[in-house]
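One letter stands for each residue in the lines below.
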Amino acid sequence: MRFLLISARKDLRRRFADPVALIIWIGLPVMLGTMMSLLFGDDGRPPTAHVLVVNQDDSLIGNLLVGALGQGGMDAFLSVEDVDLDTGRERIDDGDGTALLIVPEGFGTALLNDEPTTLTLITNPAQRILPAIVVEGLEIFSEAVFYSQRLLGAPIRELVDGPSTGQDSFDTATIAVLAAQINNRLTAAGDLLFPPMLDLDVVTTDRAGEGNPGGPSSGFDFGRLFLPGMIFMSVLFMAQGMGDDLWKEKQAGTLRRAVSSPDSLLWFVGGKLLAGLVLIAMVATMAVLVAVLALGLPPLRAPLAVAWCAYAGTALLCLFLSIAILGSTKRAANLISTMTVFPLMMIGGSFFPLELMPAWMGAVGAWTPNGLAVVQLRELLFGTPEPAAVAVAATAIAATAGVTLLLCVRRLRSFAIS
Amino acid sequence: MVLSMATPRVSFGDDILMIDVQDLRKSYGELVAVDGVSFTAGRGSVFGLLGPNGAGKSTTISCISGLLQPTGGRVSVLGHDVTRDGRAARQHLGIVPQELALYGELSATDNLSYWGAAYGLRGSALKGRVGAVLEVTGLADRAQEPVKTFSGGMQRRLNFGCGIVHQPQVLLLDEPTVGVDPQSRVRLLDLVREQVADGTCVLYTTHYMEEAQALCDQIGIIDHGKLLALGTLNELRGMMGERDILRLTGRFEPARARAAVGRLEHAEVVTADEGLLMLSVEAATRMLPAIFSALSDAGAEVQETTLTQPSLESLFIKLTGRELRE
Amino acid sequence: MSSLRAALFIARRDLGFMLWSRDTMLWTFVMPILFFYFTGTVTGGLASPTGSEDRPDALAMRAPEDAGFLLDELVERLEEQHFRVDRPETDEDWARYARQLTVTPGPTEETTGNRSLTDLVLTGQRVALRFENRLEGPNAAFDQIRIARAVYAVLADTVVTSQENGTPSAESFAELARMPRTLSLDVRSAGRREDPPIGYAQAIPGTMVMFTMLVLLTSGAAQLVIERNEGLLRRLASTPISRGSIVLGKLTARVALAMVQISFAMVAGTVLFGMDWGPSLPMVIAVMFGWATFNGSLAIVLGNLARTDSQVTGIGVMATIVLALLGGAAWPIEITPAWIQQLALLLPTGWAMDALHKLVNFAYAPAVVFPHLSAMLGGALVLGWVGARTFRYD
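Protein chains in written order, with my numbering: chain C, 12 to 429; chain G, 65 to 390; chain U, 17 to 410.
Check before you lean on any hint, since a few could be wrong.
[Stated by the list, open to error] Partial list, computed: chain C residues near chain U (C-beta under 7 Å):
1) Asp125
2) Pro127
3) Leu149
4) Asp210
5) Pro396
[To be verified] No more than 20 Å apart at the CA atoms, straight line, and that leaves these computed lysine to aspartate or glutamate pairs for DMTMM-like:
6) Lys259(C) to Asp99(G)
7) Lys341(C) to Glu246(U)
8) Lys212(G) to Asp29(C)
Rather than coming from a laboratory, the hints here were simulated on the basis of the structure. Note that the Cβ used here is the ideal one computed from N, Cα and C, for glycine as well.
Given these sequences and hints, build the entire structure.
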């Protein structure tokens, strides 16, 4: 047991003898966390599409359309800018803006007369998400127009068209009839619409499991979504980097000396794990600190999150130590470890969150060692961890570590002398 | 021609055997690296294992140190079987491997402290031993610097220091002076003598005959995994029969040369081929004219003559038919 | 040996050594495909906040049995919004869904009696719908729009058919759906391509840019550090080959290796993922060559400055992640703040991505990206000079 502690101390000293590598390891999650904060801000607002609008129709309806794009729920997703056609074309062709909307001349009249008309939308082909949102918004408008036409089209057309009998203006009776028609239709519609007979209530459940009525602005937060995965990306790289230490000791000759010493190799390897635990805890502390400062994480959540990162990270180190000694040469070992770390990172939610993956991929990833860790880390940081789920994850991670540690220790003697 | 002796069980009075190797075997599939090696060594003595590269010296040491599992035979250190009671055996062992085994990023002090602690030293005892070893190895003034900044000789001395920091009763040195400058070599050999003077039993492998001659109380000559000869220097010299080795290069007809030399008294052919003739001769300087005459009659043309007086190398040549450095 | 010949000698030797190693094989022939598949699969989800026909979003619905035709219409509208509507039978199954829609006819059975949901709505009784979303992600907030659109479409259909046909029915809804819409939306793409890349193909350029940088800044730089630490460069110093030739040779080898990787990646992207590189393929290759050269020079500088391969790997990974994120290579740049999008144009990754977008997505003429290519090659020259000045034999 004492050999475990002195080996850990020795390995920590060796690590601290290379402060640059240590700074890089600590710097990685800090940098990633800071970038999350910079890139996505702290208000959790979704990205907005910037729509350039060329309004060639000076009618009320044309202006209503432009106004509606920036209001009524869509303002969370769209911002609108009026431009002339040449400027608009130039800008969208230069990739400036999400889309260029051209409202044609006579648009309003055509709508009133129930005549075909077309809105032209020129999208930025370099953008992947936002154009789809603009299209959705315009399709909603298009549907609203259709329904409005069905409901009020006839009387309004009649009003707009003017008297058919050659008079200059409508007589009082005709106006009264038209007004009554519109009123009746609105009243009938109002019975179903105000309040709506299908009353939709949207609840976005936050990580605490409580509902937040009101929807999108509290629905997601890029920083919180990506940060746990990014923390474990750092941990994975650390574990991989520390995993080749057995090769370093083999090449230095100290591994052979250790094999000849009286104490068990389990403590020798255990020392590396203990040193790794300390270092990963240091890195995790910095990362969680960023979460506290930049993403508003309650400080009281920090210790558990750090402990979890250290625990899971040490298990990953176990994995990479045993992977390292699979190779017959150091290069072969690096190859095997690279082939392990990148797929793990990708599928385990460290490149992209599991939530953004296809369901099957996310389900597989959630059962990888780092996937298990990332899921619970998110709960520990931002949600409500369920003790049973944490216990299951911890057990699975411990099992991975235990098996790989045993394999490592068993193979270590022959690795030392090969 | 191979000359082997039965292993004498050397008694050191009431002392138990520090190293006791009985019929040690180590094979890798069909390759037999160590084949029935047996020897013993006692307190305050140096046992040398002399042989060329690939003879089985390192394998033998690795089996004793617990690095390798013997295929057969029995090895014990201070009475502890290295296979069945490995931990107890290793507790008394110190290793100075052929390759350096140092943490380059750490200082000399840290290296010594770690290995001392690995063998159970702690506190003031550990600190004291570290200081003593630093003094003895001449590294005290650079004790806090990273080892990777040391010269090769300094690293060798520290390598030695890591093997003795815990004051082992048995010290295994595997060709510790390979690639070392002469000054550092002298220093290392002095360090070995100091350990022996303190009662440590040393097993020393080398392919440098002069080291074996200078240092060892007992020498085992090993080649192709077998112990060819075993004894003190004088005993081994006795095996030579005080004969010189005469090495002749030139052009020979091997059969005629053998016959010609065979007719001479006090001369014996060790090796005969078309370009090389090696003879074991008593008082070779006096026999030279007769030898040349006999070879001349046999149609031989001698171009170069080398006379080696009785030594371990000549014994090695006699035992194996080749030189130690071939 | 002339300087150029010496440099070619070094380049050939280094390239041969690197090409035949197993990790090069891995990074050249296996990893690109893995990266393309993964990134394309995931960002395909990012690319479609409205869901898609191929990948509808799962939605669990609880509603009364025999709800009438209005519920069927609602389901149909939800499916038009690319939801897959499931009716889980157990609470356990229900809990597995992140999106849940509960339709509650009324507060109590006494209020509703035995009337169906449809009857309740048509007789002016409110029906409550509760949409609960437990997802977090860029699309989660947009789910509300799609759900609302489906619900209010049903309501609007009810209003209109009530006006026109008296009592709404499935037939009147169908008739309304068949009516032509006078307002249509003509969606086109800017630039000259009628069919810009979608799906996997959208992710390939960015992945390639990030990948090239990652490989050169880790393996390419680490190799230099390893050679130095093993004394191989010291041995090279004793040869008549000049420092400049050595640096040029090593740079050439790394760029050549990167081009081998890029070539394979482009072929794989085309054959396996349907990537269409647009009408200016030679210029696309030239841009990638410029990018490879820039990163090759950067790798030499990094290899000169770092002391251990661990440092190289750490710095290389960090630099790649930062520049890829900020330059829009890792994920769609449009979801970042405007100032980040401006900053991207000042970064090498931004130059590469902007050039590729202009050539591939907008299908512009090759001359449009001359500034980008010049910037990358200029950067490569500057870094190459720094690399030559800082090159160490030990």
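Practice problem: Of all the hints given earlier, name the ones this structure violates by number, lowest first. | Solution: Hints 5, 6 contradicted; others consistent.
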